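Going down the list, the sequences are from chains E and R.
Residues 1 to 292 (this note's numbering) are what the first sequence spells out, left to right.
Residues 293 to 620 (this note's numbering) are what the second sequence spells out, left to right.
Hints were generated in silico from the structure; no laboratory data involved.
It should be emphasised that the depicted structure is a prediction, and the values quoted were computed from it without experimental measurement.
For each residue, glycine too, the CB sits at the ideal point set by N, CA and C.
Incorrect hints may have been included.
[What the hints assert, rightly or not] Computed list of lysine-lysine pairs in DSS-like fashion (alpha-carbon distance at most 25 Å, straight line):
1. Lys161/E x Lys89/E
2. Lys540/R x Lys448/R
3. Lys163/E x Lys175/E
4. Lys85/E x Lys163/E
5. Lys215/E x Lys540/R
6. Lys557/R x Lys532/R
7. Lys419/R x Lys279/E
8. Lys419/R x Lys33/E
9. Lys215/E x Lys58/E
10. Lys33/E x Lys215/E
11. Lys532/R x Lys256/E
12. Lys478/R x Lys501/R
13. Lys419/R x Lys175/E
14. Lys478/R x Lys286/E
15. Lys460/R x Lys333/R
16. Lys161/E x Lys33/E
17. Lys33/E x Lys89/E
18. Lys448/R x Lys256/E
19. Lys286/E x Lys33/E
20. Lys460/R x Lys557/R
21. Lys256/E x Lys215/E
22. Lys81/E x Lys175/E
23. Lys215/E x Lys448/R
24. Lys161/E x Lys58/E
25. Lys175/E x Lys161/E
26. Lys163/E x Lys286/E
27. Lys419/R x Lys540/R
28. Lys89/E x Lys419/R
29. Lys532/R x Lys333/R
30. Lys532/R x Lys448/R
31. Lys215/E x Lys532/R
32. Lys501/R x Lys279/E
33. Lys81/E x Lys163/E
[Said to hold, decoys possible] One-sided excerpt, in silico: chain E residues whose CB lies under 8 Å from chain R:
34. Ala90
35. Val102
36. Leu277
Residues per chain, in single letters:
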Amino acid sequence: MESIIEQFINGLRSGSIYALIALGYTMVYGIAKMINFAHGDIIMVGAYVLYVSITDFKMPVIAAVIFTIAICALLGIFIEKVAYKPLRKAPPLAVLITAIGVSYLLQSVAQLIFTANSITFKSIINLEAVHIGGITIPGITIVTLVVTSVCMIALTLFINKTKMGSAMRAVSEDKAAAQLMGINVNRTISVTFAIGSALAAVAGIMFICQFQSIKPTLGALPGIKAFVAAVLGGIGSVPGAMLGGVLLGVIESLSKAYLSTELSDAIVFGVLVIVLLVKPSGLLGKNRIEKV
Amino acid sequence: MSRKAQSIFTLSNLIKLLVIIAIYLVIMAVMEGDFATRHFKSLLVPIGINIILAVSLNITTGFLGELSLGHAGFMAIGAYSGALFTIFAENHTGLPAPLAFLLGIIIGGIMAAVFGVVIGIPVLRLKGDYLAIVTLAFGEIVRAIINFLGVTGGAKGLNGIPRYTNYKWTYALVIITIILLSNFVKSRHGRVISSIRDNAIASESIGIKVSNYKIMAFVIAAFFAGVAGVLFGSNLSILKPGNFDYNKSIEILVIVVLGGMGSIKGSVIAAIVLTLLPEFLRGASNYRMLLYALALIIIMLFNSSEIRQRLEDSGKLPRLPKLKARVK
Chain E
1 MESIIEQFIN
11 GLRSGSIYAL
21 IALGYTMVYG
31 IAKMINFAHG
41 DIIMVGAYVL
51 YVSITDFKMP
61 VIAAVIFTIA
71 ICALLGIFIE
81 KVAYKPLRKA
91 PPLAVLITAI
101 GVSYLLQSVA
111 QLIFTANSIT
121 FKSIINLEAV
131 HIGGITIPGI
141 TIVTLVVTSV
151 CMIALTLFIN
161 KTKMGSAMRA
171 VSEDKAAAQL
181 MGINVNRTIS
191 VTFAIGSALA
201 AVAGIMFICQ
211 FQSIKPTLGA
221 LPGIKAFVAA
231 VLGGIGSVPG
241 AMLGGVLLGV
251 IESLSKAYLS
261 TELSDAIVFG
271 VLVIVLLVKP
281 SGLLGKNRIE
291 KV
Chain R
293 MSRKAQSIFT
303 LSNLIKLLVI
313 IAIYLVIMAV
323 MEGDFATRHF
333 KSLLVPIGIN
343 IILAVSLNIT
353 TGFLGELSLG
363 HAGFMAIGAY
373 SGALFTIFAE
383 NHTGLPAPLA
393 FLLGIIIGGI
403 MAAVFGVVIG
413 IPVLRLKGDY
423 LAIVTLAFGE
433 IVRAIINFLG
443 VTGGAKGLNG
453 IPRYTNYKWT
463 YALVIITIIL
473 LSNFVKSRHG
483 RVISSIRDNA
493 IASESIGIKV
503 SNYKIMAFVI
513 AAFFAGVAGV
523 LFGSNLSILK
533 PGNFDYNKSI
543 EILVIVVLGG
553 MGSIKGSVIA
563 AIVLTLLPEF
573 LRGASNYRML
583 LYALALIIIM
593 LFNSSEIRQR
603 LEDSGKLPRL
613 PKLKARVK
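In isolation and in its complexed conformation, chain R is listed as follows (with noise of 0.2 Å):
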């Protein structure tokens, strides 16, 4: 079947589309009804802006196969190119709010995007845990420069950021970014760059420019880490270079590798559960770290655990896709 003659308005596609619209419906329900606290509301921005960080960074951990330690530093860089931009149109401009943010949204997604680019020509070169400690260097530099700067507010950080996000903005956004990335990764583009995870080699010599590749998914992936970055700082109104250590790239990490590499439903999934773990812990707040790593710990051990695969074999647990972690 050729290209061309795939219709967008496929059966799937449609039941998709009414998935996404019921969704919203329950999530509008659940926001503006009384069904839940506050506090859980509160919550609902910051889980899609997991989702979002997670699903890129899934691009080029899990699809292009190398590992990032410095996602944070994207998701800082459009966090306050973002803000410094709503703040001056608000000022400065008479831009509608909804416009100006949606500028902000752009801004701070093509400013760490160019970002992706210069982290990008020395990941050409490097390899494995290299190329991981480059990129912790990279979001170590970028929080010491935002430290250092006036305009950020350096240490004591930006404030009076215009509070544009809300629901309705993180759920349209967390949308498109699951629909532009999964199409991306079916795509061409997407196919060569998980072929060249599986055998760089290999992939080198029927003519894949791989560096071109490479770039691309850091491109790609800084480019929505900044616009969750640009989320995050309208909905906290200040911005702290603390927001951004690497820590918060760990964070991130780890929501796509318990979702599974290479796995967008899993990378949702896990960003909300993860979002919603420590909350449901709080009951237990000063235990609340200890039982995260603990959990963290023994997921780790079960999965690659010989009990595991008797419990399987033994059809007493379902078989879940195992670990797929190519990264060299």
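One chain only, chain E, in its complex shape (with noise of 0.2 Å):
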């Protein structure tokens, strides 16, 4: 019984990891009617931002991770000045390889610079494990929930309480109309890319927090697995990435636990299919009516 409940808070770690990194795709998709693929390898930048600045600067813990999250955020806002705003009027599938372009282009100067070995890096939360009755919690955990806790809070108030977060809601469900109604929606955009980025920069710090060692695709399978979440969760839809991720977290954790490792991505794609099947804009994805 223990060891299920210690499994399930595992895949809530996890599960909130994806989540955050879900929450780039949606937004994004939401507002640029884009899969931005180089997302996830904004979570390996994020990494090696921070293993530079900690390593190499000597940068106090907090600066390194203000440091790391800030350099992400503009990284974000410079993709998609360069590589996706000159395509906002092309058809969807130039967006895409533009995108997978950028996601290789990043992958393979970190390459260049880090080479394609593996970097051991010690983790910087050093948190007791806490004990409840017969569970054991490690501290990385307890981290990894309240920053992701409070990033999702946040990002649910930034949305539905600011000015900001009106405009990107307006942009998304029409940016004709947003833009009639004078906001400015290059400006929105932007915000939104910087705001995907960050979040991802958290995710992979948290990220190499827990594996301790870091590669230059080490940004490709958590960014596959968190777009699946965003489209479980119904993709464009903030509550439905977080819902996603940490479904998809908890999922993956117990089928490693008890089914078997290798299985476990099968399982995980698999539960996705299914969902799809049963409602095929994701779990709380609005229906739209398909017009002539």
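Put the complex together from the two separate chains, hints included.
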């Protein structure tokens, strides 16, 4: 019984990391109607920036974390301005291929600077494990859960309560109408990319604190899983991305522990296929009426 | 003109036949002669495999208009089932090698086609990006299962696959694929599939069974991906699940998109260029992937830029066919 609960908490930890990444996918999709394939690689960039700022620049931990988040947010804006903005009117596939190109680019730049070998990097979070009854919760799990919850609550408040948040919702509803109402669409899209990339940076920091190893392709798999989580919850829906991410993490962790490590990926993706068969727009997605 | 009156022995078909034979003679001269380095010769089979993959993916993505990110999954199914059959045939039956390979190719294609039906069923219900993610998930499921099964050798890989693939087999299969698929897209069924891409609701309203045709396109694409997989396995003689991750699917998708959606000729040319490009960049070995990524981004940006429009208007650049991506 206790081990089930421990596995469940483990699942919550990785699930909340997936949820953070999935938020980036879903927000960008909601606003720009594109799948940002390079999003997973922002996680990797975040991991390397943190590594460099702590080992080479000898920054204090807090400063390094803020620096990492800032760099990733700027990188997100930069990528959008250079690679995606000129393609606003292009067919979706052209944007998708460009995003794939950006993803390759980030990976190969990281490989040129840091080589393809993985670097070990000690966790910056040193918190004692907590024992409740017979259950042990590692410190990293507690920190991850707290940080991700704070991020999600802050994001929800930001989207629902601030002016920028309503602008984002308006643009995702109807870009042209939003523009007519005096909303600066370009700036709104930039802010969305910045927030999405900042969340990916947080996810990246949590991720390497857990695995303590960095390599240029580390963002690929969590990126894909988070993308699946976003679709599972209904792409374009912010609560959907959170739900999808957490669900995915829990399913993955439980199937790893009780069924088979090798098959856990197949189970995770199988769940997605089944959910989409039953509800084609994802768990919390809106059903769109098709127009001729 | 009624269709019966058309003979297949038209002048243009004769010319095509002569071109096919001429290309074969050139390839044979290059392979048997001393003009090319061994490295270059070893690239011919991968080029052929990529042509088959790209032309078949073009059926789903270019002609049906559905974004598929799981083509490597079909390729993997074909590769493993073909490989397992040829290993079995070599050890336990006295089948002559060409017959064993031919059967292996057919079995690989059929197995992949069966899975084409399996993935075709969810496809009926989904559209656009959701479909893309289901095909991606499908490819990853296939990979995870291959990793798990004992008979496929798991993560260690499947060794000792008889090496039957050579440039003759590859060339023959490339030609067969191109002929069959270009005839298919010109046929009644092929035009129905393109009509679904252009407007699914309108097609349905004139009595086209959209779902059946979507499955048909998936099955055909899957079959040829399976065939390419068998060639691939028998060329390398060892298969690993890692050969078929989503990067492989994306690589094929990039070929299709750069070659032109719905253009078989374009897919063939892009498959040749994009298979050779990384090899030509080998001189700059460390920067190879970087240059490849940059080329990809720049081509895409240039394609829809104003500069291109202006150059074409002033006649400095020939009007190239526009990237016709109708994927919703």
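Hints versus structure:
no., hint, verdict
1, Lys161/E x Lys89/E, "violated, 31 Å"
2, Lys540/R x Lys448/R, "holds, 19 Å"
3, Lys163/E x Lys175/E, "holds, 16 Å"
4, Lys85/E x Lys163/E, "holds, 23 Å"
5, Lys215/E x Lys540/R, "holds, 20 Å"
6, Lys557/R x Lys532/R, "violated, 31 Å"
7, Lys419/R x Lys279/E, "holds, 12 Å"
8, Lys419/R x Lys33/E, "holds, 14 Å"
9, Lys215/E x Lys58/E, "holds, 21 Å"
10, Lys33/E x Lys215/E, "violated, 30 Å"
11, Lys532/R x Lys256/E, "holds, 22 Å"
12, Lys478/R x Lys501/R, "holds, 19 Å"
13, Lys419/R x Lys175/E, "holds, 22 Å"
14, Lys478/R x Lys286/E, "violated, 38 Å"
15, Lys460/R x Lys333/R, "holds, 13 Å"
16, Lys161/E x Lys33/E, "holds, 23 Å"
17, Lys33/E x Lys89/E, "holds, 11 Å"
18, Lys448/R x Lys256/E, "holds, 20 Å"
19, Lys286/E x Lys33/E, "holds, 15 Å"
20, Lys460/R x Lys557/R, "holds, 21 Å"
21, Lys256/E x Lys215/E, "holds, 23 Å"
22, Lys81/E x Lys175/E, "holds, 17 Å"
23, Lys215/E x Lys448/R, "holds, 22 Å"
24, Lys161/E x Lys58/E, "violated, 38 Å"
25, Lys175/E x Lys161/E, "holds, 20 Å"
26, Lys163/E x Lys286/E, "holds, 24 Å"
27, Lys419/R x Lys540/R, "holds, 23 Å"
28, Lys89/E x Lys419/R, "holds, 21 Å"
29, Lys532/R x Lys333/R, "holds, 23 Å"
30, Lys532/R x Lys448/R, "holds, 7 Å"
31, Lys215/E x Lys532/R, "holds, 22 Å"
32, Lys501/R x Lys279/E, "holds, 22 Å"
33, Lys81/E x Lys163/E, "holds, 23 Å"
34, Ala90, "holds, 4 Å"
35, Val102, "holds, 7 Å"
36, Leu277, "holds, 5 Å"
Of the numbered hints listed earlier, those contradicted by the structure are 1, 6, 10, 14 and 24.
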